[in-house]
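Student: Plus 24 on top of the position in the sequence shown (first one is 1) and you've got our numbering.
If you're looking for bench data, these hints aren't it; they were derived computationally from the structure.
Since this is a predicted model, take the numbers as computed values, not measurements.
Just so you know, not all the hints are guaranteed correct.
Said to hold, decoys possible - Distance ranges between label pairs, derived from CB positions:
1. GLY68 - ILE100: 27 to 35 angstroms
2. PHE139 - LEU95: 20 to 28 angstroms
3. MET46 - VAL107: 19 to 27 angstroms
4. ALA45 - VAL135: 20 to 28 angstroms
5. LEU95 - PHE42: 12 to 20 angstroms
6. ALA132 - LEU63: 14 to 22 angstroms
7. ILE106 - MET138: 20 to 28 angstroms
8. GLU38 - ALA132: 33 to 41 angstroms
9. ILE97 - ILE65: 21 to 29 angstroms
10. GLY116 - ARG40: 35 to 43 angstroms
Just so you know, even glycine gets a beta-carbon here, dropped at the ideal spot from N, CA and C.
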Amino acid sequence: MVIKDDLEPGSSHEDRQFTVAMMFVGVAMMFVGFLDVFLSISGGFEFAGVTPLLLYFGGLALWAQATIANLTIRYIVMGTAIVLGLAIFHYGEVLFWHKQAVFWGTIAMVVFFMFKSAPPGPPAR
Numbered sequence: 025m026v027i028k029d030d031l032e033p034g035s036s037h038e039d040r041q042f043t044v045a046m047m048f049v050g051v052a053m054m055f056v057g058f059l060d061v062f063l064s065i066s067g068g069f070e071f072a073g074v075t076p077l078l079l080y081f082g083g084l085a086l087w088a089q090a091t092i093a094n095l096t097i098r099y100i101v102m103g104t105a106i107v108l109g110l111a112i113f114h115y116g117e118v119l120f121w122h123k124q125a126v127f128w129g130t131i132a133m134v135v136f137f138m139f140k141s142a143p144p145g146p147p148a149r
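The whole structure should be built from the sequences, with the hints applied where relevant.
Tutor: Here you go:
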């Protein structure tokens, strides 16, 4: 995976630290939201409100901003996450098919980014 700062030759050390921190916060938010979704699917219980999905989609937007180097893919992922989070917030409840869509969409996203080869870059120091 290529961090976007790797592609910018004039980036400072502070920018790199901020990007890594944003990536960690995004992954943590996605993990907490996805864990609630996964447990409610497998355990059959309902979670209260839309907060887990708002955490998930907010974390996805932060992760995409910090991690994805291709601007087109980055802003498509961010825009989709923001629109879906706002739609769930506006709808006000989470149905079973919403949780299934988030679960299988997460699986598809992980598979895509796991098997996508990184562009060749400078050798590691």
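Student: Kindly indicate which numbered hints from before are broken by the structure, ordering the numbers from low to high.
Tutor: none
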